[in-house]
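Given chain A, put chain B in place with the hints provided.
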Amino acid sequence: MRLKAMQDWLDERLSIKTLSGAARKKEVPVHRHSIWYYFGGMTLFLFVVQVVTGILLLLYYRPSAENAFESVQFIVTEVQFGWLIRSVHSWSANLMIATLFIHLFSVFFLRAYYRPREMTWVSGVVLFFIVICFGFSGYLLPWNKLAFFATKVGTEIAGVIPVIGRPMLRFLRGGDDVTGATLTRFFGFHVAVLPATATVFLAIHVLLVQLHGMSVPPSVQKQNLRKMKFIPNFLLRDLIGWILAIGVLAALAALFPWELGEKADPFAPAPAGIKPEWYFLFMFQTLKLLPAKILGMDGEVLGIMAFNFVALLLFIVPFVDREPGNQRRRLVFNIIGVVALAYIVVMTIVGYVT
Amino acid sequence: MSNMLHDSPAPSIGPSGVEPGRRRFLDYLLGTSAAATFGAIIYPIIRFMSPPHVIESTESSVVAAKLNEVPVNSGKIFKFGSKPGILVRTEAGELKAFSAVCTHLDCIVQYQAETKNIWCACHNGHYNLNGKNIGGPPPRPLEEFKVNTRGDEIVVSKA
Chain A
1 MRLKAMQDWL DERLSIKTLS GAARKKEVPV HRHSIWYYFG GMTLFLFVVQ VVTGILLLLY
61 YRPSAENAFE SVQFIVTEVQ FGWLIRSVHS WSANLMIATL FIHLFSVFFL RAYYRPREMT
121 WVSGVVLFFI VICFGFSGYL LPWNKLAFFA TKVGTEIAGV IPVIGRPMLR FLRGGDDVTG
181 ATLTRFFGFH VAVLPATATV FLAIHVLLVQ LHGMSVPPSV QKQNLRKMKF IPNFLLRDLI
241 GWILAIGVLA ALAALFPWEL GEKADPFAPA PAGIKPEWYF LFMFQTLKLL PAKILGMDGE
301 VLGIMAFNFV ALLLFIVPFV DREPGNQRRR LVFNIIGVVA LAYIVVMTIV GYVT
Chain B
1 MSNMLHDSPA PSIGPSGVEP GRRRFLDYLL GTSAAATFGA IIYPIIRFMS PPHVIESTES
61 SVVAAKLNEV PVNSGKIFKF GSKPGILVRT EAGELKAFSA VCTHLDCIVQ YQAETKNIWC
121 ACHNGHYNLN GKNIGGPPPR PLEEFKVNTR GDEIVVSKA
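If you read the sequences in order, they're chains A and B.
Using this note's numbering, you'd call the opening residue of the first sequence number 1 and step up by one each time.
Using this note's numbering, you'd call the opening residue of the second sequence number 1 and step up by one each time.
Next up, chain B with everything else stripped away, as it sits in the complex:
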C-alpha cells in the first residue's frame, strides 16, 4: 500500500480516498493504543507473578536451645527467624553458632562429630568451627552469630 503511495505522482490522496498524513496519524494512534492496551494487560500480570516481599522477622536474638540439649561434640539446628542456624558445642565445651545455610547452593549444613567439622551433605562442603570454608565447593564462610547463656538457656544473637 505504501509503495503505491510513493509511486503515484500526486500523493495527497491515497487509493482509499484518505490523505497519507492523516492515515499515518490514525495508524500511529491505533498502534500506540494497541501498545498501551497490551502494556496495561501485561504489566499487572508480570507484577502479579513476582512474589510480594514478606517483612523479615527483625528479631536479632533467639533462644536456640537449652544447655542440656547440646552435649559436647554435637550440633543442633535452630530457627533464627525464617532461616535455620546451627549451634555447635566443641570438644572443649565452647558454644558456637552460625547460619546453617551453606554458602554454596543454599542447603542446610550439619555438625559432623567424626571430623569435628560443619559439613554440607549436598555437595560435600566442609567448614571448620570458626565457620571458615575449608573444603569442597563452598565459596564463602558461614555467617557467625554471638552466643550467650542465660541460666540454662542458650541465646544466639546477630553479631
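The following block holds chain A by itself, in its conformation from the complex:
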C-alpha cells in the first residue's frame, strides 16, 4: 500500500507510468540479422565503462608535461588496482571503437538509415567522430613518446587542410608546437568538451531509436515477423553481453596490461617502428604509401583531403540512398560498403605486418 502511494506520488509529478508503459511496449523484431541489434547497446555499455573508469583516473591524474607521465606511472604502480582501472580504460576504449565500427557497418549494410531514420544515422555519425576525438585526445594524456609523435602527426594532418588548417592546428596545439599547452588542451577536450557533447548526441540518438523503434532490414519479409519484448527478453540478452564484456575487459587488463612506454622528449627522434592506434592504421599506411608529389600537389595533402571528403560523405549517405525499392542503388551502395570495409581491413593488416 505504501509502495502504491509512493508510485502515485511520483507518477503525478514525473509521469513514470507513461515512461514505464512505453518501455514495456517496446519490441525488437526477431529475424536472421537480429544479432546486429546488440552492437549499439554494447557500444553504449563500453561508453559507460569509460565514464566510470575515466572519473576514477581523474582522482590521480595530473595534466601537465612535468607531471602527466609520472602521475600515470603512480596510478599503475602505487595506487591499489590502479593498473586494473587504467588498463580497463584503455582496453574498453579500443573495444568501444571496435563495436562502434561493427555498429556503423551493420547499420549501413542493413539500411537502417532509410526514412524516417536519417537523423538517427546523422547523430550516430557525429557520435562516431566524437569517439574518434576521444581516442585521439586520450592517447596523448600519458605523455609518452608514442603519444607525443602521434599527436604531432595528427595535428599536423589537421594543419595540412587549406585555409582553416593552420588556425586549427594552433588551436589544437595551443601554440605552434606540441607542448605542455597541448596536453592541457587535450585534457580539457577529453574530460569536459567531448563528454558534454557526447551526452547530448547520445541522448538524441537513443531517443530517436525509441521514437522510431528498431528498423527491419529491407531484405527481411515483414509479414508475420516474430517480435521479442525489449523488457525483459532483449534486455536480459543485452545484459549477458555486458557481463561477458566485463569478463573480457578484466582478462585483457590482467593478461595484457596497457603499456606506459617512455616519457615524451621533444628533442628526441621518433622511435623506430612507431605506429598509431589500430583504428588510425589504415590512414597511416595510406600516407606512408603515397608518393611525395601527386599531380604537382603534396601527396599527403591529397590523401588527407580524400579522407576528409569520405568522412563528409558518411553524413549524406541516407540522403543519397533513400529509395528502398531502387535495386540498382542498393547494389551500388553495397559495393561501396564492401570496398570501404575491404580497404580498411587490408590497409590495417599491411600496416601491422610492415
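Everything labelled a hint here was simulated from the structure, so no lab data went into it.
The model shown is predicted, which means the values in this text are computed figures rather than measured ones.
Some hints could be false.
[What the hints assert, rightly or not] Simulated restraints, written as ranges between beta carbons of each label pair:
id : chain 1 : residue 1 : chain 2 : residue 2 : range
1  : A       : 342       : B       : 55        : 29 to 39 Å
2  : A       : 254       : B       : 60        : 50 to 60 Å
3  : A       : 267       : B       : 149       : 14 to 24 Å
Yeah, the Cβ is synthetic: ideal placement off N, Cα and C, and Gly gets one too.
For chain B alone, kept in the frame of chain A given last:
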C-alpha cells in the same frame, strides 16, 4: 502576425495598437542589440581560444655539441631555439647540420648509420646528407644550417 498586417486594408495600426513602422524599428533595435550582445560574448571567447604568439627565440646560432660528442658516421639531436636540429658527422668526417623536423608531418628525424641517410621513423622518409628528400613521403628537403667549429665546440647557425 505580419500576414495579418498585410491583409488588413488600413495597415497604419497593428493588432496590438502599434504602428508597423515603429514596430519594425523596435524589432530592428532588439535584433541588433541581441546580435551585438551575442558578438560581445562570442568574440572574446574565440580570441581566448587561439593561443598567444610566443616570441620565438631570435638566436641565430647555437653551440650544438662538443666535437667528441659526435663520432664519425653518427648524428645528434640538438636544441635550436624551441626546435630540434640534427648534427651529422659523415663518414668522411664532414660536419653537417639540418633542421630535424621532417617536412612530411612534423616528426623528428634521426641519422641512420647503416644507410648513411637521415631517416624519419614515422612514415619511413629518407633524406641524403645534403638534406634532400630522396625516398618516402617527405615533399621538401630539410633546412640546412651552417656549421663552424670554435675550439672543441661545434657552432651551428642559420644560413
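Each hint tested on the structure:
Separated by about 51 Å at the C-beta atoms, residue 342(A) and residue 55(B) break the suggested range of 29 to 39 Å. The hinted window of 50 to 60 Å between residue 254(A) and residue 60(B) holds, with their beta carbons roughly 55 Å apart. A hinted range of 14 to 24 Å holds for the C-beta pair residue 267(A) and residue 149(B), which are about 22 Å apart.
In summary, the structure is inconsistent with hint 1 from the numbered list given earlier, while agreeing with all the others.
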